[in-house]
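Q: Please work from the sequences and hints to get the whole structure.
Residue numbers (the numbering used here), protein chains in the order written: chain A, 166 to 523; chain B, 1246 to 1461.
It cannot be assumed that every hint is accurate.
No farther apart than 25 Å at their CA atoms in a straight line, the calculated lysine-lysine pairs in the BS3-like style are these [to be verified]:
{"no.": "1", "chain 1": "B", "residue 1": "Lys1375", "chain 2": "A", "residue 2": "Lys341"}
{"no.": "2", "chain 1": "B", "residue 1": "Lys1375", "chain 2": "A", "residue 2": "Lys260"}
{"no.": "3", "chain 1": "B", "residue 1": "Lys1288", "chain 2": "A", "residue 2": "Lys200"}
{"no.": "4", "chain 1": "B", "residue 1": "Lys1375", "chain 2": "A", "residue 2": "Lys295"}
{"no.": "5", "chain 1": "A", "residue 1": "Lys256", "chain 2": "B", "residue 2": "Lys1287"}
{"no.": "6", "chain 1": "B", "residue 1": "Lys1288", "chain 2": "A", "residue 2": "Lys251"}
{"no.": "7", "chain 1": "A", "residue 1": "Lys251", "chain 2": "B", "residue 2": "Lys1375"}
{"no.": "8", "chain 1": "B", "residue 1": "Lys1375", "chain 2": "A", "residue 2": "Lys256"}
{"no.": "9", "chain 1": "B", "residue 1": "Lys1375", "chain 2": "A", "residue 2": "Lys278"}
{"no.": "10", "chain 1": "A", "residue 1": "Lys256", "chain 2": "B", "residue 2": "Lys1288"}
{"no.": "11", "chain 1": "B", "residue 1": "Lys1375", "chain 2": "A", "residue 2": "Lys289"}
{"no.": "12", "chain 1": "B", "residue 1": "Lys1375", "chain 2": "A", "residue 2": "Lys282"}
{"no.": "13", "chain 1": "A", "residue 1": "Lys260", "chain 2": "A", "residue 2": "Lys289"}
Which chain B residues stay away from chain A? Per the calculated CB distances, all over 10 Å, these [said to hold, decoys possible]:
{"no.": "14", "residue": "Trp1255"}
{"no.": "15", "residue": "Ile1267"}
{"no.": "16", "residue": "Ile1271"}
{"no.": "17", "residue": "Lys1287"}
{"no.": "18", "residue": "Leu1314"}
{"no.": "19", "residue": "Glu1366"}
{"no.": "20", "residue": "Ile1412"}
Don't read these hints as lab results, they were simulated from the structure.
Note that CB positions come from ideal geometry on N, CA and C, so glycine has one too.
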Amino acid sequence: MGEEKKTPQSKKVNTDTLYELSHVTKVYGGEPPVKALDDVSLSIRRGEIYGIIGMSGAGKSTLVRTLNRLEDVTDGQVVFEGRNLKDLSEKELRKARQNVGMIFQGFNLLSQKTVDKNIRVALKIAGIPKNEHEEIIERMLSIVGLSDKRHAYPSQLSGGQKQRVAIARALATNPKVLLSDEATSALDPQITAEILELLKKINRELGVTIILITHEMAVVEAICDRVAVIDGGKLVEENTVQELFMSPQSEAAKRMVLPEKPDFLPFDSQGRRCLRLVFDGTEAGEPLIAALAAREGIEVSILAANTKSVGGVGFGQMIVALPPDREQEKAAISYFKTAGIFGEEMKKDGKGAIAWQD
Amino acid sequence: MAGLNWTLIWEGFLQTMEMVIISTVIAYVIGLPLGIVLSITKKGGLAENRIVNTILGGIVNICRSIPFLIFLVVLIPLTRLIVGTSIGTEATIVPLTFGAVPIIARMVEASLEEVGSGIVEAARALGASKAQVVFLFILPEAVPSLLQGSAINCVTILGYSAMAGFIGGGGLGAIAYQYGFIRYQTDILLVTVVILIIIVWAVQELGLFAARRSRH
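A: Put into structure tokens, the structure is as follows:
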């Protein structure tokens, strides 16, 4: 209990563990009982932006709620700063929660109170002396860029502004970590980008660890350092964002990194073999497909392609269909391999991919 | 209408207002906390407690099922105990209050239910105690709905107060019954009914206005 480590504000990520989850299992009673979380073990480091991604119903919302014990675990333990949350008394837990800010998809602001009062209530709960409230509220609003909306009611604000108020409220008690439960899912892409940028700034400038739950790969790609993939209540993959993007291991991750919407199945109707090729920023300049046609005389069809920034690094990906000829197939694969392209072969049904073979 | 006894009607009006206002206030003092307890002790509530919820809910349901006229008669001994008499305006306040409490409790409970579970979750995530969740989050969020409900409850109590005339209570209801119905003084009946309509309309408008003003 005594060994509280202070994190230097300048250092973004270190090896100091903030959360240590081991064998976390959550079963909801009822007929039949539902296993929302199944033996999840992971650790989250102080100062990082950690993403938890999964389809709806995968258990990620339950998982994030075990981090501030809004949900009790059925089995396993959640250790926050060296203390098992399960062992905390009601009073200690309330104190601990003031170290864990949380924002939600639905914002959950008090609609009958002004922005000022919404933040003030957090300070009141934390028992922060009244004479400090003014200064804290001003500082929080300036961080989230809403100083001019202090006396507005939530109904007078846009979705993005509401989420900014929620962030200000969550940060008012100076928490060490901010949990974000699908905080951008109700917002349009432009506003989502702005909110993610704000979270990034908070992480960088205030040293707040951020744990965010999302079903959108784009959100993870934009700001996360590491990511856990949850599928069917299980942790199926944990990796850096770049690694996950380049070579996803689990079925769930493979589905998520595909270039198009989830309902688009990138497979070829003529039964040709398809590859998913990933280029990082350095290779994107080379005309690979053109060169393949020019030098080898092999023509591949591009079924889908996009470029994106993953964790600050530019990436491109492409789904290509190989020519039906067996020799040309082999030559094309070895060409891509020689060129040092990350790639994998799409399954025939388009649902995920497997390692490529000659 | 020249011979109309306006003094009588004015007194009846004052008695009605006295009965309705005092019993509404007292009934809210009891019904509001009761509604809060009903809301937070139910399954999945903030302070889930099946025993408390079943007992209180049961009492509320029983009281609500008894027709108010019967309630008036049943409560006569209690009224005597509290007021010293079972006749008159003051005596009517007792059954009116007891009749209103369960209605108010359910209305309050319904208003609190309207507050989304997200608000409660946000409050708990901020480290709020149960009392803080109720008083800093749920109740302030429910204010517009509570105000609207209070106007409806007020009108219900006004309706009940008219029935009090049957057991010797005062007010406009008693006047309408004694003069208008028993003595066939149709003019008095009409006037009292018009006054009652105006009161109901005014209370309803006032409630809606207050709710609208408070809603953001």
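Q: Work down the list of hints and note, for each, if the structure agrees.
A: Against the structure, the hints:
The straight-line distance between the Cα atoms of Lys1375(B) and Lys341(A) is roughly 24 Å, inside the 25 Å bound, and the hint therefore holds. Straight-line distance between C-alpha atoms of Lys1375(B) and Lys260(A) comes to about 14 Å, which keeps the hinted pair within the 25 Å bound. A threshold of 25 Å between alpha carbons decides the hint, and for Lys1288(B) with Lys200(A) the separation of about 21 Å falls inside it, so the pair holds. For the hint linking Lys1375(B) to Lys295(A), the alpha-carbon distance of about 22 Å falls within 25 Å, and the restraint holds.
Annotation: proposed proximity of Lys256(A) to Lys1287(B) holds, straight-line Cα distance about 23 Å (limit 25 Å). At roughly 23 Å between alpha-carbon atoms, Lys1288(B) and Lys251(A) fall within 25 Å of each other, so this suggested pair holds. A hinted pair counts as satisfied when its Cα atoms are at most 25 Å apart, and Lys251(A) with Lys1375(B) qualifies at roughly 19 Å. Proposed proximity of Lys1375(B) and Lys256(A) is supported: the alpha carbons are some 11 Å apart, at most 25 Å.
At most 25 Å may separate the alpha-carbon atoms for a hinted pair to count; Lys1375(B) and Lys278(A) meet this at roughly 20 Å. Proximity of Lys256(A) to Lys1288(B) is assessed by CA-CA distance (about 23 Å); at most 25 Å being required, the pair is judged to hold. As the CA atoms of Lys1375(B) and Lys289(A) are separated by approximately 14 Å, the hinted pair is consistent with the 25 Å bound. Note on Lys1375(B) and Lys282(A): the hinted pairing holds, with a Cα-Cα distance of about 19 Å set against a maximum of 25 Å.
Proximity of Lys260(A) to Lys289(A) is assessed by CA-CA distance (about 13 Å); at most 25 Å being required, the pair is judged to hold. Against chain A, the non-interface label of Trp1255(B) holds: every CB pair exceeds 10 Å, the least being about 40 Å. Separation of Ile1267(B) from chain A is adequate, the least Cβ-Cβ distance of about 29 Å exceeding the 10 Å criterion. Against chain A, the non-interface label of Ile1271(B) holds: every CB pair exceeds 10 Å, the least being about 26 Å.
Separation of Lys1287(B) from chain A is adequate, the least Cβ-Cβ distance of about 17 Å exceeding the 10 Å criterion. With a cut of 10 Å on Cβ distances, Leu1314(B) stays outside the contact zone with chain A, its closest approach being about 39 Å. With a closest Cβ-Cβ approach of about 6 Å to chain A, Glu1366(B) is found to fall inside the 10 Å limit, against its non-interface label. At the 10 Å boundary, the C-beta of Ile1412(B) stays outside the reach of chain A, the nearest C-beta of that chain being 42 Å off.
Of the numbered hints given earlier, the model fails hint 19 alone.
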